[in-house]
Structure formats: C-alpha cells, structure tokens
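Trainee: Read top to bottom, the protein sequences are chains A and B. Read in order, the letters of the first sequence are residues 1 to 217 in our numbering. Read in order, the letters of the second sequence are residues 1 to 217 in our numbering.
Read the hints as simulated data drawn from the structure, not as lab findings. This structure is a prediction, so every number in the text was calculated from the model and none was measured. Fair warning: there could be bad hints in the mix.
It does not matter which identical chain is used: a pair holds within one copy or between any two.
Derived lysine to aspartate or glutamate pairs resembling DMTMM-like cross-links, with alpha carbons at most 20 Å apart [claimed, not checked]: (1) Lys122 to Glu29; (2) Lys122 to Glu48; (3) Lys122 to Glu182; (4) Lys122 to Asp30; (5) Lys142 to Asp93.
Given next are the chains, with one letter for each unit.
2 protein chains.
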Amino acid sequence: MQPSPTAEQDAPSARQQAVLDAVLGLMVEDRDQLTMDAVARRASCSKETLYKWFGDRDGLLTATVRWQASRVHAGYDTAQVLDGATLRERLQDFAVTWLEVITGPTSVALNRIAIAHAGSHKSNLGGIVLANGRFAIGERVKPVLEAGRAVGLLAFADSEAAFRTFFGLVGRDIQIRLLLGEALDLCGDEIRRDADRAVDQFLALYGQVKPEPNHQT
Amino acid sequence: MQPSPTAEQDAPSARQQAVLDAVLGLMVEDRDQLTMDAVARRASCSKETLYKWFGDRDGLLTATVRWQASRVHAGYDTAQVLDGATLRERLQDFAVTWLEVITGPTSVALNRIAIAHAGSHKSNLGGIVLANGRFAIGERVKPVLEAGRAVGLLAFADSEAAFRTFFGLVGRDIQIRLLLGEALDLCGDEIRRDADRAVDQFLALYGQVKPEPNHQT
DNA sequence: GGCGTACCGTACCGTACGGTACGCCCTTTA
DNA sequence: TAAAGGGCGTACCGTACGGTACGGTACGCC
C-alpha cells in the first residue's frame, strides 16, 4: 500500500461513498455484526478491494467517521445585524440541530464505536468525532455569542466557558443515556421545547436584557 | 431499580471480590486486553472457576459493574433544617462528588465497556450503569431540591426537570470528552470551581433569593 | 486412610474474524 | 480482437479468544 502512508484524505469516490454508507448502515443496525465480511457483502464488493482502498479495518472505520463528519457541516451564514430576537433564534437553531444530531441513530452508533475504540491507543476515532461534533459546534456558536456580547445582548468573560454552559443546558443527560442504551426517543416537538428551555435558561444566565421567564417546567 | 431482577445478587465472597477487582484493574489499564485468560491470570484463579462463579463473560462483566456500583453509594444523611447555606452546600457536595466520579478512570473505563455493550442486545450493562450513576444521583438530589422548594428557597414545577438542568450544568461536555478519549484531567481544585459555578448558575435559575452573581467566567 | 469438594494450572477445541490469494468477468483501449 | 486492468466472489490462512476438560493439590470429614 504505497500511495498513502497516513491516510486517504481525498474525498472518496462515489463507489467508495457507497461502501462507507454500507458501513454506517451496519453500524446502526447491529454494531457487533460490523465485520469486514459483512461490509463486503453489504456493499457488494470484495474484501480485497476494501483493503486496497482503506488499508485495514481501522482505516475503514476512520474513513467512515470522516465521511459522516463531512456531511454534517451545515453552512455558516455569518452575522447580519444581531438583535435580541435573531440571537435567540440563532441559539435555538443550534440547540435544535445539536439535539437532532445526538439523538440520531447514526450519531449514537458512531459515538459508540468511537468510544469503544478510545483508550485502545491506535488511530483515535474519538478525536475525529470530537473535532467534528462537540468542537465544531463550539466554533460555530462562539462567534454568535461574541457577536451578542459585542452588541450588549450578552455578558460573559470567557466565550468558551459560556459555550460549555450552553452545551450543558442543551444536552443535559440525553447523550449519555442514549449511549448507554436507554430507548428515549424524542420527537421533533420535544426537541424544540427542550431547545427553547435551554435557550431561555442560557439567556437568563448570560443575557443583559432579561425576557420574562415564562418556561420553567 | 429493584436490587434483584434476576441473577446472583448475593454479595460476592472475598475471593470473588478480588476477582472482580482484577477485572476492574484490567479494564482501567487496557480495555481490549480484558480477556478471560487475562482475568484468570491476574486474579490467580482458573478459568473454570470463573465460569463456575459467573456463568460466562457477560456474567463476569455484569458482576463487575454491580460490584463497582455497590461501593459508590455514599450514605444519605437526610435533611436537617434547610437554610440557603446548607442547600448550597449540599448541592455543591453532589456536584463535586459527581464530577469526581465521572472523571475517575474507573468510571470512564466502565462506561466505555457499558456503552460498547449497549445496543448489542443481551444483558445490558448500560442499564445497570445508568441506574447506579445518573439515576441514583437523581434520586438523591431530587429530595434535596424538593426540600429546598418546601422552605421557599427554590421554585420549580418538575423536580426531575430541575435535576436534569442541574445535571447538565455540572457535567456539561466533560463526560463525553473523556469517553471519547480526550486527556483532560481536572485536579480537585478545578472540580471544586466547576461545582461552584454550576451551583451558582443553578441557583440563579431556580433560586428564590438571588445571591449576587459573583462568578461568571 | 479413604473420599469428596474446591480450586489452580494448563492443555485443548471450535469458531469467528482480520487479512491474503486467486480465478473470473467486465470494461476500456489500442 | 487481444491485452490489461479494475473489481467481484470465494476459498483459504493464522490467530485470538470464549468456553471446556482434565490432571494435580490442598483441605475437611467420615
């Protein structure tokens, strides 16, 4: 395997994407059925091709995680004028998106794989998942928070800390419960209510102009 | 969480506890070296005994999780008169304890195992971990919150929801980052500061008498 | 002393899975 | 039409690991 000692960063070909989707499918369906044979069968390709393209099992997993990550990145849509309503809306948007992601079966499966892998030294899927999940959304939210502070809508010293509070208010115990196998499926409505509550609470903590605290379930 | 749904709840004998501790040790050191052979070697017992005592690998894992859970339960210490200072102190106590638990290597390893197991149908370690972690602390915190409400220090409609907010404010992104393999070791001091901040924020959201908001990093 | 029980150590078995080799088909190119 | 190459299917190999069997030892009991 000459051509790429580190890893195939290049966007996978259509056929390769199909393979990676097959991997995702298997992950979601049943994690411990995720064998090279099963992938080859599902993707209708030979194992030899798998090894040629991805090096080894780990490479395949890594490529899959990258592939999934590559299509999560929603477009930015950077700042217009920021008033209280837009700020709130932006934050709600982030919260809803994030909740939808972490409650999705693909995310759950992927995180399980990455966590199972973590600590087992080699090729950290965990790092990739973190970079494209938790940290990616952090980098997208923080500018919004800072813009809010710039126009006097928010007050905080450390945007990272502020974001982490926001993250905690949004996610709470949901992700860990899902990862540990609790059923717990939220419908879109519940997600929206959760996001509302989280944003309300966040603004109550960091907002300069306090809206009357309506929700308080 | 009933103490005995099905199997062998009886407290393990001293020898058996030693075996389970060996399992915990291996888990923490290197998860994928956690083989029946390795356990037998580490615990200086025969595999046959392992199977006799615990049935199969799953039984051993389950017993280990239960064993670890059994020594986490700190004593209650139910309510004295509850004033603002004691309430705050109790909450800080919970927050510190919880952070110490989830940042501990044993917890991380155990959660990784349970998560890896989850979704793989059979014998849910995830359920046990949840019951003795997230839910156990919930059942211990909620009475405190309710006591706080009873004396007018807190205001909320749903103690479960209030607790979940507390949980989110305390844990934020810490557990998922650790599980995914980030280094991130908090010293006792940071944990205490984190707990302080979380309690401040929680009281700011749910407290009736607002203490001046000092921390706001 | 003889016997049963509990347990250690180790050898052994079956299987599942990661990884490799090879034959065949199909498409492309000359 | 022929040669070449990419890729599919399948058979195969080595090994690691869950689980079992068996010999050997210590101990308690009749």
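Trainee: Now, for every hint given, state plainly whether the structure supports it.
Mentor: Quick rundown of the hints versus the structure:
1. Lys122 to Glu29: For Lys122 and Glu29, only the inter-copy Cα distance (15 Å) is at most 20 Å; the intra-copy one is 25 Å.
2. Lys122 to Glu48: The answer is neither: 23 Å in one copy and 33 Å across copies each exceed 20 Å.
3. Lys122 to Glu182: between (29 Å within a copy, 14 Å between copies)
4. Lys122 to Asp30: Cα proximity of Lys122 and Asp30: across copies only (12 Å, versus 23 Å in one copy).
5. Lys142 to Asp93: Result: close within a single copy only, 14 Å intra versus 30 Å inter.
The structure shown violates just one earlier hint, number 2.
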